[in-house]
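**Student:** Okay, here's what each chain looks like letter by letter:
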Amino acid sequence: MQMNKTLGRAAIAALGAFVSAALLAFGIPRTATAADGADGGNAPLPTTTDNGGVTQVFVSGGNRALFKVAIAPTVGDPAVSNTVVETTSRDFMLSSMFQVLDPKSFTANLEKEGIAIDPASWRNVGAEGVIKGSSVPRGQGVHLELRLYVVSRGSDAVLTKGYDVGQSGVRGAVHEFVNDVIKWFTGTSGTFGSRMVFSATTGRGQKSVFSIDSDGQNVGKLPTVSNVALAPAIGPGGGVYYAGGLPDGSYSLFKVGNPAAVLKQATGLVFGVAFGGSKMALVVSNSGQSDIFVGAPDGSGLTKVTRGGLNTHPAFGPGGQLAYVSNVSGNPQIYVDGKRVSWRGTYNMAPVFCNDPEGSKILFMGRDGGAWDIFSVDPGGSAASMKRLTQEQGSNTYPACSPDGRMVAFFSTRGGLYTSNPQGQNQQKISSVTGESLRWEGN
Amino acid sequence: MGFAVAFAIHAIFAGPFIYRAIVPAAVTEDEVPLVGKPVVAATLLKLGKPLDPKTLPDRIVPKARTAPQKDLNASKDDPGKKSDAGAPPPNALPSDLQNLITKSDPFAEDGGKTRPEEGNAAGIDGGTETDPNKVHAGDMYAARLNVFIHDRWQIPTVISQGEANRLCVVFQVNLSPRLQIWHVRPEPIRKSGNELFDDSARTMLMKLLDDHAPLPEPPPEVAGLYKGRTVNFALAGDVHGDSSKCK
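Which chain is which? The protein sequence lines are D and A, in order. Under my numbering, the first residue of the first sequence carries the number 91, and numbering increases by one thereafter. Under my numbering, the first residue of the second sequence carries the number 4, and numbering increases by one thereafter.
The shape of chain D in the complex, shown without the other chains (with noise of 0.2 Å):
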């Protein structure tokens, strides 16, 4: 019996004895050694603390990814939920920032969450973030309050925004809240609900100027005073601004809703026009030549700033840079205050600056054999820097970027306007119209 008692006791301790070899073994932390290395620490080894053995690692960078978002039907009137709907879809697409999810995949009782969310729903098909609203009568119009949720932030919305509208109003309020919704993701506003002008063949020898929406509705033929309206661009106040030809063979800049020629003074055909940072610059051709001239939006001490060559194609840059077309080298190229900047293709032609987030860019388009493609480069002209947008989907021609530079608009062979990212992915068609001389509002 003792001798039982005697070898319990000792089978305790024995065991008492592993598991205090167990603690010490496991239980204290161990510190990384150079001897872990069987180089004895010659190969470079990730960063470790002198203190506790944590390995550092550092990753860079990692796959971009559409952030998904519910849009559901706002609560109320269901033509004014439609409008909401379509709209803020067909925004967050064209933005190249969203993905939207198909309703089918809804799982939420909408009836029962009203405007607000129980974000284990919406996590559960996926949804990052959810657009709720709701409308009401209000006099002659609507009250629409719209809301963005974030679902990893809970089910209180992030955003909620309010806007009394007429009945045709809702569009643009659904474009101002995209607008607020991209501006709470970024810190940078959108720009749904500005708009594009650009000039189109409309019979033997006639050319005139329309307006479209940003996302491709309302189009419009703007009244001119010619059957040939050329190079449009929107000037001080929101003003549309031509070079119009005239019975007698001359050319000269109008401004839509004005009969009356803008500029008397202009010692040429003045071709085109562009407006930026408080100046105006005109296209104007005398005598073979055809040269650009700058000075203040009235048309007040216009100055020659290019000298030899074709010029034609101004555009301004967000600090007043001049892009434009010469062929002072041989051939048409793109020239930023005199400076060259295409350096690769024969052909480069209507440059146009784009504000693009990752870094200002020059869009242009070129010719690449039988067909025109859209490309951007750098400010600095780098060889290296030249990207191609477009190529073997038609011919691509006339690139305009929105003012926040996230998009790209240019008309393409494959039957209308597209719109693109800035590196000419998301392609997307928003009109059947093609035309020439395309020019974004706002930039």
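Treat the hints as calculated values from the structure; they're not laboratory data. Be aware that one or more of the hints could be misleading.
[Stated by the list, open to error] Below, computed lysine-lysine pairings styled on DSS-like, alpha-carbon distance capped at 30 Å:
1. A:LYS230 / D:LYS158
2. D:LYS429 / A:LYS52
3. D:LYS477 / A:LYS49
4. D:LYS477 / A:LYS230
5. A:LYS230 / A:LYS210
6. A:LYS57 / D:LYS429
[To be verified] Quick list of simulated restraints, FRET-style, between CB atoms:
7. D:SER368 / A:ASP55: 39 to 45 Å
8. D:ASN417 / A:PRO119: 28 to 34 Å
9. A:GLY165 / D:GLY410: 42 to 48 Å
10. A:GLY165 / D:ASN417: 48 to 54 Å
11. D:GLY460 / A:PRO119: 21 to 27 Å
12. D:LEU400 / A:PRO219: 29 to 35 Å
13. D:SER340 / A:ALA111: 49 to 55 Å
14. D:GLY532 / A:PRO219: 44 to 50 Å
15. D:GLY532 / A:ASP134: 34 to 40 Å
All C-beta atoms, glycine included, are put in the ideal place defined by N, C-alpha and C.
Given chain D, put chain A in place with the hints provided.
**Tutor:** Just chain A now, kept in the frame of chain D:
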């Protein structure tokens, strides 16, 4: 008798540890004290064609993936392994299919001509540097680990690349001896300042935890720094590998 046996067994197992604690100098002659060294991940030359400054550049088209991405072959000594990924492996898990979906570029395009990107004929798949003069030797496992994490980490496009270049978040994880993440500390030990960015990194690490996906097997000489260890992942949004934002 029992106490004597217990003491003897304790002494056998615990003795060396107690002796080390009392007389540390006697056992450190063959061990080099830990010295933190900055990891210098190898910069790999990108496979492609040299830039021709006279011709127009080709468009870079993100391709829709139809098969798992090829594993990085960082070794120039074994070019035979640069084979096409082919069909998914027979032991592919459901999460692999999910990876295929989630890893696709959001703007990937189907079909079209495959054009060689700017790079160097002597480069390798997974290389990032187009200028041979900027390629440098370094920790190949760090480069491999970088690619492994990079492929699984999805930064939302609402964070512009310019903004992402300024961000870095540090998460602490615990690795099992089989290099599986078994714990992720929920709060970053260093926040980036952008909660969506931090969320994206946390989601990636939690997915690795949920999938029981092991990290790539390290070479024996550095395995001890990873297997069964606490690891701080400093995740920077800068695709060019600028670690200065993590300090």
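**Student:** Please go over all the hints and tell whether each is borne out by the structure.
**Tutor:** Comparing the hints with the structure gives:
Only pairs whose Cα atoms come within 30 Å are accepted, and LYS230 (chain A) paired with LYS158 (chain D) is rejected, the gap being roughly 36 Å. Restraint check: the Cα-Cα separation between LYS429 (chain D) and LYS52 (chain A) comes to about 29 Å, which is no more than 30 Å; the hinted pair holds. Taking the CA atoms of LYS477 (chain D) and LYS49 (chain A), the gap is near 18 Å; set against the 30 Å cutoff, the hint holds. Taking the CA atoms of LYS477 (chain D) and LYS230 (chain A), the gap is about 44 Å. The hint is violated against a cut of 30 Å.
Our distance criterion of 30 Å between C-alpha atoms is met by LYS230 (chain A) and LYS210 (chain A), whose separation comes to about 19 Å. Proposed proximity of LYS57 (chain A) and LYS429 (chain D) is supported: the alpha carbons are some 18 Å apart, at most 30 Å. Judged by the Cβ atoms, the range 39 to 45 Å given for SER368 (chain D) and ASP55 (chain A) holds: they are separated by roughly 41 Å. Hint check: ASN417 (chain D) to PRO119 (chain A), Cβ distance near 32 Å, so the stated range 28 to 34 Å holds.
Look at GLY165 (chain A) against GLY410 (chain D): about 22 Å separates their beta carbons, and that is not inside 42 to 48 Å. Separation of GLY165 (chain A) from ASN417 (chain D) is about 35 Å and departs from the stated range, judged on CB atoms against 48 to 54 Å. Here the CB-CB span from GLY460 (chain D) to PRO119 (chain A) is close to 23 Å, well matched to the stated 21 to 27 Å. Checked against the hint of 29 to 35 Å, the pair LEU400 (chain D) and PRO219 (chain A) fails, with Cβ atoms roughly 59 Å apart.
The given range of 49 to 55 Å is respected by SER340 (chain D) and ALA111 (chain A), whose C-beta atoms sit roughly 52 Å from each other. For GLY532 (chain D) and PRO219 (chain A), the Cβ-Cβ distance of about 49 Å falls inside the hinted range of 44 to 50 Å, so the restraint holds. Checked against the given bound of 34 to 40 Å, the beta carbons of GLY532 (chain D) and ASP134 (chain A), roughly 38 Å apart, stay inside it.
Consistency note: the structure conflicts with the earlier hints numbered 1, 4, 9, 10, 12.
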